[in-house]
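These protein sequence lines map, in sequence, to chains A and B. Numbering (the numbering used here) for the first sequence: 1 to 444. Numbering (the numbering used here) for the second sequence: 445 to 600.
Keep in mind that the hints were calculated from the coordinates and are not lab data.
Capping the alpha-carbon separation at 30 angstroms, the derived lysine-lysine pairs in DSBU-like fashion look like this: (1) B/K481 - A/K139; (2) B/K523 - B/K481; (3) A/K139 - B/K523; (4) B/K455 - A/K187; (5) B/K466 - B/K481.
The primary structure of each chain is shown beneath.
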Amino acid sequence: MTNASFEPVLLARINKPDSASLASYKADGGYAGLRKALDMTQAQVIDLVKASGLRGRGGAGFPTGMKWSFLPQNITGPIYMCINGDESEPGTFNNRILIEEDPHQVLEGIVIGCYATRATTAYFYLRYEYGHCYRTLQKAVDEMYAAGLLGKNILGSNYSLDIHLHRGACAYICGEETGLIESLEGKRAWPRIKPPFPAVEGAFRRPTVVNNVETMACVTHIVNRGAEWFQSMGIAKDPNNPRDAGSYGPKLYCISGHVNKPGLVELPLGVTARELIDKHAGGVWKGRKAKAVVPGGISMGFMSEAELDTPLDFAGPGRVGCLGLGTAAVIVIDDHTSMVDVLYNACRFFAHESCGQCTPCREGTAWSTKILERIRSGNGKLSDIDLLLEISSSIGTIPGTTICGLADGAAWPIKTAIAKFRPELEEYIRSGRKSAAPQLVGAH
Amino acid sequence: MSELTDDMKAKIREHFGHYPTKQAITLPALHMVQDAKRCVSNKAIEEIADMLELAPSQINDTLSFYGYFRTEDAPTGEKRVWICRSLPCMLRGGEELLAELCERWGIQPGQTTADGKVTLELAECLGACDGAPCMLLGDELSLRMTADSVEEHVKG
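One chain only, chain A, in its complex shape:
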């Protein structure tokens, strides 16, 4: 399938009148997938999702069906599903639009996922800032209870499920799945040491599956249209690499920053950043050129202009030194922007959002921000660049010094900015220039 002939699936109902209501969702064939799934065995649903090759859309890209199959078999007592709606990665807004415009598409996937994993309670963890989403979801959940799509004996299947909405309180770390679980339990959102993984011991010390919002919307369509349909889109797995799980299906790409038309675009996985910018976002604004592009949220690092033809599938960004596809949130930075200001912004974000539990992350993010502040005030030293590199190679799960990946996300903007824009950073330091950005008191 070419990108030109692609018809949106996840965004098909966006902008329709009353798209968030149960009546309009049903009129468009909604909940046919749930009925179909309830006639299958749980194992058949899991096998279908496995066969589709669906990988989680929240950032890590873990195969969804495999995640579901990690739950212990023949277990008594409750299993929980947590939906990760703590979308906070800078540049990312796809889940907000899905929930605001078409909540039932997501909720149908959640019920199917819960049925497949034998979960009887789902907690939808939603970031507090999404108040509109919260009210839209609550209304949709109420409609489902009234229509027998939630609660006891759903559609006469003997399967029962409750969904509870749970609001966060403005902390990025709640997007990390065990941070989310701690927060749900009423504690500070300190990520847990793994193992045990949530599938074995998660929320309330019970087996738990944590899935992203867009992932669950994909489940709805996979049950409706089949695994082959899903596999007809995207980039096939590399036959020479047994560890590559491929990049199948449609994906929501968020485009923001210096483009003429920022927004949300749905395309098969593997579109290039250049195509997204030129064909779907009206090009770089003010007739300028792109200097750098973030491929999937700020924690993935930067691509240079020369790397914009890289396919944005799960494997593509890694080939040009980025951490991965992340959330597929593409942030475009034009050639009039200082990479010192951009890197400072990234470092400050992670210093602000580090949960403080692991010393390398807490100290590393704070010190890298202070070094960038020094450079921005005109007092940088050339040796600061190597110091930043040293910090960025010492923090995170990849060097093995932290519990969660937040610090890897903090390291990658530093590593890639230095690898790709070192002459600009050095010239800035040599010139002793001060940043033109406003000085904000209380900027942490």
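Chain B: place on chain A using the hints.
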């Protein structure tokens, strides 16, 4: 005088059946109090702890972790405005917008205007990058903001 109203207590009790532990109701309870009183007083912390069968220090431990809640020495104004300064908003004038509002209102981020009407907050990515620079007023997002449109929203 109880800090938690009967209505709040009833709403907290409604949550009891939704979770296997009472501690899980910490965030919902804190939100109820913050929204009603613009801060969470020490007395409210004690009352929540009592209802959830926890020590007050456990509630305070959670409260102090999240940027959203205010303690009794620093309540917010009548309205609370968050301006995003993460990368997509920064690239489209988020920091300049924040600086302009500081100038107009004579306050720094985190502070409240002298008449107690508005608290101005720094936000990290609010998830509305398609409309940068964006704002959160209460819990509603507004996109493509200018200093004038922020002021209109705050008045309205």
